[in-house]
Amino acid sequence: MIITKKRDLKDLLENVKNYRSFFLIGCSECATLCGTGGEPELKAMKEALEAEGKAVTGTFVAKTGCQVLGTKVELKPFKEALDKTDCIIVMSCGAGTQTAVDLYEDKAVFPSNDSLFLGNMTRLQFFDERCSLCGKCILDKTGGICPITACPKGLLNGPCGGCKDGNCEISPDIKCAWVRIYERMKKLDKLQEFCEVTIEAKDWSASQKPRALTAREEKKK
Amino acid sequence: MSFKDILNSGKFVVTAEVGPPKGTDIKEMIHHMEILKGKVDAVNVTDNQSAVMRICSMAVSKIAMEHGLEPIFQMTCRDRNRIGLQSDLLGASILGIKNLLCMTGDHVSAGDHKGAKPVYDVESVQLLKIVDGLNNGKDMSGNEMKGSTDFFQGAVVTPEANPIEPQLIKFEKKIRAGAKFFQTQAIYDIEKFKDFMKHARKFPVKILAGFVVLKSVGMANFLNNNVPGIRVPQVLIDELKAAGKEKALDTGMNITVRHIKQLKEEKICDGVHIMAIGMEDKVPEIMERSGLL
Ligand code: SF4
Ligand code: SF4
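Chains as they are written, first to last, in this note's numbering: chain A, -14 to 206; chain B, 99 to 391.
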């Protein structure tokens, strides 16, 4: 899921100070789990805007905010409210925000959140970054733990000299990614592989932006 | 004699460090070079050490050569992608720089430009492979080059790391990638270092033991708490304590001298690397007291 964090409300209000009427779009997926764009957050935003003397013409939580066509269909019943709106605030990730940009070319669209990373929820509202979307997965070579993401230096062949008592030099409260990989490989009886294989420098060409993929084309191949 | 030849001659080698300053005033640095000249076998020129921005190590390596010192050009992966690294390596080569120390580099969060984008396009093991390729006339993509480099490349290892096994595996990967010599992180526990050397001696590489002189009890505690891979044993801290504040530095130097002597007499490793960190003027004295001059 995409992990998001609320931006500073004061800054947001400053950014939108010249607009009068607002429509709020949240998302029932990641943003709801992150507590940044579900029903309660939309309600709070509505109240904050109204306290500033703004009009809120409607609020809506999209099923999947990054799904452009689905969201377009879902928003049909809100046509009137949206017509009366001069600014849309999207309370999801940056992708959801850009769904609104696609759908409402002539309206101002503002994000209420910062999109942080792709991660896993390990406990209620505890999120860990797990994948950097590098475009070519190497988890098969690293015991299923992603060092590109879990190691701040993205090292591919073992721990740096900074590893201290098994913890990471940069964030001492987390375990060194390469100690984790080493321990897992050992458990799986794959230490030999860890010792003998030197992972080549990563091919970053698959992560050059912007990326696009057509599932239909992939199927045809 | 080149650093490589000296190492291969079997002499107990001594290297020290020159830290490029922040800013263009290099008077003090040149002074340090003059002090070290004719005494040490080579000087490491650090590359934006601790991710603090300073003069680049290539320029300072060249200046070291002009002042009659043999430089070991430290190169970290933190600040350049594979194109920048190779381009700098070719540049260093035509300037006559021979010795390299390939390192991943401290993370930008440790330094004075915390908002910088850390690069780490490649890491130490892969950098060693790149150097090996350049020495054989090929760039990293396998393209033939006009003229090759002739580097003598080394790397670093942390003999007192905990856990040690993954570090040792990486040490072997570095050897397979082409490392010819190693300079270690500062060591304080000779018995532990001997254990490491038992392993290291299985490989055809030269090992220089790293030393950082203890100046005070406070410094020892600081190293223990803040510098990963360094462990100052309690007995040494007690020794410093017993000496009192005034004699602490002298005691710290004694400890270093004692350790260096032991390594040399027992032929435990191939030499030492003295990281004086601002006390370059003390290096000749340490060498003298260790019987290295
Ligand atoms: S290797 Fe790449 S795709 Fe695989 S988990 Fe890591 S960042 Fe994600
Ligand atoms: S301590 Fe481990 S996780 Fe942290 S930067 Fe070094 S290798 Fe990466």
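Don't read these hints as lab results, they were simulated from the structure. A hint or two may mislead.
[To be verified] With a straight-line cut-off of 25 Å between C-alpha atoms, the simulated DSS-like cross-links for lysine-lysine are:
hint, chain 1, residue 1, chain 2, residue 2
1, A, Lys175, B, Lys300
2, B, Lys300, A, Lys121
3, A, Lys28, A, Lys39
4, B, Lys212, A, Lys(-10)
5, A, Lys171, B, Lys296
6, B, Lys215, A, Lys(-10)
7, B, Lys300, B, Lys212
8, B, Lys290, A, Lys171
9, A, Lys149, B, Lys120
10, A, Lys187, B, Lys215
11, A, Lys194, A, Lys160
12, B, Lys339, B, Lys365
13, A, Lys(-9), B, Lys215
14, A, Lys92, A, Lys(-10)
15, B, Lys313, B, Lys120
16, A, Lys69, A, Lys(-10)
17, B, Lys292, A, Lys187
18, A, Lys171, B, Lys300
19, A, Lys28, A, Lys(-10)
20, A, Lys149, B, Lys215
21, A, Lys149, B, Lys290
22, B, Lys343, B, Lys137
23, A, Lys31, A, Lys(-10)
24, B, Lys212, A, Lys(-9)
25, A, Lys149, B, Lys212
26, A, Lys160, B, Lys120
27, B, Lys236, A, Lys149
28, A, Lys160, B, Lys215
29, A, Lys194, B, Lys313
30, A, Lys160, B, Lys290
31, A, Lys149, B, Lys362
All values derive from a computational prediction rather than experimental measurement.
Right, here's what the structure says about each hint:
1. A:Lys175 with B:Lys300: holds, 23 Å
2. B:Lys300 with A:Lys121: violated, 36 Å
3. A:Lys28 with A:Lys39: holds, 14 Å
4. B:Lys212 with A:Lys(-10): Since the Cα atoms of Lys212 of chain B and Lys(-10) of chain A sit roughly 21 Å apart, the hinted pair holds (cutoff 25 Å).
5. A:Lys171 with B:Lys296: holds, 23 Å
6. B:Lys215 with A:Lys(-10): Between Lys215 of chain B and Lys(-10) of chain A the Cα gap is close to 21 Å, so the pair holds against 25 Å.
7. B:Lys300 with B:Lys212: The given pair, whose Cα atoms are some 40 Å apart, is violated under the 25 Å limit.
8. B:Lys290 with A:Lys171: Holds, at roughly 24 Å.
9. A:Lys149 with B:Lys120: Distance of about 29 Å is beyond 25 Å: violated.
10. A:Lys187 with B:Lys215: Holds, at about 18 Å.
11. A:Lys194 with A:Lys160: Violated - the C-alpha atoms of Lys160 of chain A and Lys194 of chain A are around 31 Å apart, more than 25 Å.
12. B:Lys339 with B:Lys365: violated, 30 Å
13. A:Lys(-9) with B:Lys215: holds, 24 Å
14. A:Lys92 with A:Lys(-10): holds, 24 Å
15. B:Lys313 with B:Lys120: Distance of about 24 Å is within 25 Å: holds.
16. A:Lys69 with A:Lys(-10): Violated: Lys69 of chain A and Lys(-10) of chain A sit about 29 Å apart, past 25 Å.
17. B:Lys292 with A:Lys187: Since the Cα atoms of Lys292 of chain B and Lys187 of chain A sit roughly 36 Å apart, the hinted pair is violated (cutoff 25 Å).
18. A:Lys171 with B:Lys300: holds, 23 Å
19. A:Lys28 with A:Lys(-10): Distance ~17 Å between Lys28 of chain A and Lys(-10) of chain A Cα, so the pair holds.
20. A:Lys149 with B:Lys215: holds, 24 Å
21. A:Lys149 with B:Lys290: It holds: about 16 Å lies between the C-alpha atoms, which stays within 25 Å.
22. B:Lys343 with B:Lys137: violated, 30 Å
23. A:Lys31 with A:Lys(-10): holds, 18 Å
24. B:Lys212 with A:Lys(-9): holds, 23 Å
25. A:Lys149 with B:Lys212: holds, 21 Å
26. A:Lys160 with B:Lys120: violated, 34 Å
27. B:Lys236 with A:Lys149: violated, 37 Å
28. A:Lys160 with B:Lys215: The given pair, whose Cα atoms are some 23 Å apart, holds under the 25 Å limit.
29. A:Lys194 with B:Lys313: violated, 51 Å
30. A:Lys160 with B:Lys290: holds, 24 Å
31. A:Lys149 with B:Lys362: Violated. Lys149 of chain A to Lys362 of chain B sits at ~29 Å, over the 25 Å cutoff.
Taken one by one, the earlier hints fail for this structure at numbers 2, 7, 9, 11, 12, 16, 17, 22, 26, 27, 29 and 31, listed in ascending order.
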